Amino acid sequence: MADVEVAERSPLTTEDQPHKPASRTPERALQLLFLVPAVAYLLLFFGYPVVKNILMGFQHYTTSTFYTGEAPWVGLANYSAVIGSAVFSKALVNTALFTIGSIAGQFVIGLALAVFFRRKFPLSGVLRSLLLLPWLIPLIVSGTVWRWILDQDNGALNRFLGAAHLADRPGWLTSTSLALIAVIIVNIWIGIPFNATILYGGLQDIPEELYEAAEMDGATGWRAFRHVTWPLLRPVVGVVLVLGVVYTIKVLDIILGLTGGGPANATQTIATQSYHLSFQQYDFGQGAALGNILIIISLVFAVLYLRANRKAVDE
Amino acid sequence: MRMPRWAYTIVGVLILAVLLFPLYWMVNVSLQPGGSAVGTPWLPIHPSFHGYSTALSQQGRNLVTSLIVALGSVVFSLLVATPAAYALAHFKVRGANLVLFGILISQMVPGIVVANALYSAYNDLGLLNSIPGLILADSTAGIPFAILIVRAFMGNIPQSVVEAARVDGAGPVRAFRSIVLPMSRNALITAGLFTFLFTWGDFLFALTLTTTENVRPVTLGLFQYIGAYVNDWSSVMATAVLACIPAVILLLVAQKYVAAGTTGGAVK
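Chains as they are written, first to last, in this note's numbering: chain A, 1 to 315; chain B, 1001 to 1268.
Hint data in this document are derived by calculation from the structure and do not stem from the laboratory. Please note that a few of the clues may not be correct.
[Stated by the list, open to error] Chain A is nowhere near these chain B residues, computed Cβ spacing over 12 Å in every case:
no., residue
1, T1054
2, G1060
3, S1178
4, N1214
[Stated by the list, open to error] For lysine to aspartate or glutamate, the following EDC-like pairs were computed, each having C-alpha atoms within a straight-line distance of at most 20 Å:
no., chain 1, residue 1, chain 2, residue 2
5, A, K120, A, E209
6, A, K120, A, E212
7, B, K1092, A, E27
8, A, K52, A, E70
9, A, K52, B, D1124
10, B, K1092, B, E1163
11, A, K120, A, D205
12, B, K1256, A, D205
13, A, K120, A, E208
[Said to hold, decoys possible] Derived contacts from chain B toward chain A, CB cut-off under 10 Å, selection only:
no., residue
14, K1092
15, G1095
16, N1116
It should be emphasised that the depicted structure is a prediction, and the values quoted were computed from it without experimental measurement. All C-beta atoms in this analysis are idealised placements derived from N, C-alpha and C, irrespective of residue type, glycine included.
Okay, chain A solo, but in the shape it has when bound:
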């Protein structure tokens, strides 16, 4: 945002043509035209859906609405139905566990990999780009592949665990106590490349001299990490964590691909439940109400995000 403010204060354009004030208005109009398509798109594909969802949240909006065009106003009935249902508290807890578990795992492993790759060694560049693959392939592909790996009877994981006598065919995706853990593990796998890459970028910006100075003071390894790496990496850490939360909280593809929210809602989150209400039970009003609750949760983090963002820009 900084350069926009500079541009606003820059007197260049006005000084350039002080003798031709008449040309300023068309020029200004032309400049606005550059923005019109993007602003129109953002309003239609983000602004409209949000407003429409807020309205739908107060309406009895079902498939019959598409034929009759009627969506009676029902006040807060959708919200009380959604919040009152047994699935809601389950989904809320699952969303929290899924988000916290995913972020913690992605971040810790991503940071460890970033620190590992800080040192240049043969093939390090190739390995770092290969690391990106899980992040670049379609999410539903990851879901499909993991679904087969985690299969109870024929999955690669259980065959390995069985051969090593570590466990006897746990039902990763079919047991109500394991499914959420399995889904979190898969989501961690997907998020590692992003975390590792951004944190690696942050590490590159820490001057080597600081480590040399720390080494002369006797700080190497863990102590160098604690006293040099961590404090200097903090702004990047903030951005990575809040971005992670904002994106993880609305994850849908992975859960639908792995478990569809089951078994017995064991992996149902606010996002997947909103999908179920709208597109499987065709109660778009209730789906919208739940979606709005998700937006409010996201907004809380949006504030954190903007704060972290501003901090990163300042530094």
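With chain A fixed as given, assemble chain B onto it according to the hints.
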């Protein structure tokens, strides 16, 4: 006590081997004959391409649909995003900060909320089950990303370069087309590549905004494979492999753009 450099290479290869095992497994299963569900060998000792021929005959059309939607979204996103990125980087337009703020906020809007509202709007407009409908919806990922990444790049183009062209008599549109756009080539490629990947990988809009087989992206085709009881995992995994091709090509031929896109995504 420091490890020698080659020891790092060995550790690095081991880490990658563990992390990329699922992708190896995908390729391995895709090459197994007979789609055997029970006791898949750990290596494709007798590779068979029957999975791929089934995948291509059943999902070939869906792959083409995905390709068209992704290319369409790249063109549309760049057309919409590039002028805006330039305006935000170089013009002193009132409300520029508001637009940027809107873009940041748009990242908090869950896809399911957009899909929920678009479904009824598309139903009224006849855009369900249509390629243009998917292109428009899928660009929700590409356009904000492209604006941010291209704007960041254009901000580094000195104002004086544009001014010089203006003094020579070029209007703002010509200065943009013949000076700014060619200079921003790398940022445009990065934005285009990532828009392609976002759209190619889209699942939510494919799932909610299409209901028939006429327009069905491969992500949805894959999902419907696993929705039913699967008895031919080779074909499923062959489809998965085919759906990974764009990402692999990108890593092989456009590495520097990928790196730019990944870091750009966070600094936005």
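Each hint tested on the structure:
The Cβ of T1054(B) lies farther than 12 Å from every Cβ of chain A, with a closest approach of about 15 Å, so its non-interface assignment holds. The non-interface label for G1060(B) is consistent with chain A: the shortest C-beta to C-beta separation is roughly 17 Å, beyond 12 Å. The claim that S1178(B) lies off the interface holds: its Cβ sits roughly 15 Å from the closest Cβ of chain A, which is beyond the 12 Å cut-off. N1214(B), annotated as away from the interface, keeps every beta carbon of chain A farther than 12 Å; the closest lies near 19 Å.
Under the criterion of a C-alpha separation no larger than 20 Å, the hint pairing K120(A) with E209(A) is consistent with the structure, at around 16 Å. Of the pairs offered as hints, the one joining K120(A) and E212(A) holds, with about 16 Å between alpha carbons and a cut-off of 20 Å not exceeded. Among the hinted pairs, K1092(B) with E27(A) is consistent with the structure: their alpha-carbon atoms are about 12 Å apart, no more than 20 Å. The hinted pair formed by K52(A) and E70(A) meets the criterion: a straight-line CA distance of about 15 Å does not exceed 20 Å.
Of the supplied pair hints, the one linking K52(A) and D1124(B) holds, its CA atoms being roughly 14 Å apart against a limit of 20 Å. Distance check on the hinted pair: K1092(B) and E1163(B) sit about 14 Å apart at the alpha-carbon level, within 20 Å; holds. Taking the CA atoms of K120(A) and D205(A), the gap is near 15 Å; set against the 20 Å cutoff, the hint holds. The straight-line distance between the Cα atoms of K1256(B) and D205(A) is roughly 18 Å, inside the 20 Å bound, and the hint therefore holds.
Among the hinted pairs, K120(A) with E208(A) is consistent with the structure: their alpha-carbon atoms are about 13 Å apart, no more than 20 Å. Below 10 Å, beta-carbon pairs count as interface contacts, and K1092(B) has one with chain A at about 5 Å; its hint therefore holds. Because the smallest distance between the Cβ of G1095(B) and any Cβ of chain A comes to about 8 Å, under 10 Å, the interface hint for this residue holds. Because the smallest distance between the Cβ of N1116(B) and any Cβ of chain A comes to about 5 Å, under 10 Å, the interface hint for this residue holds.
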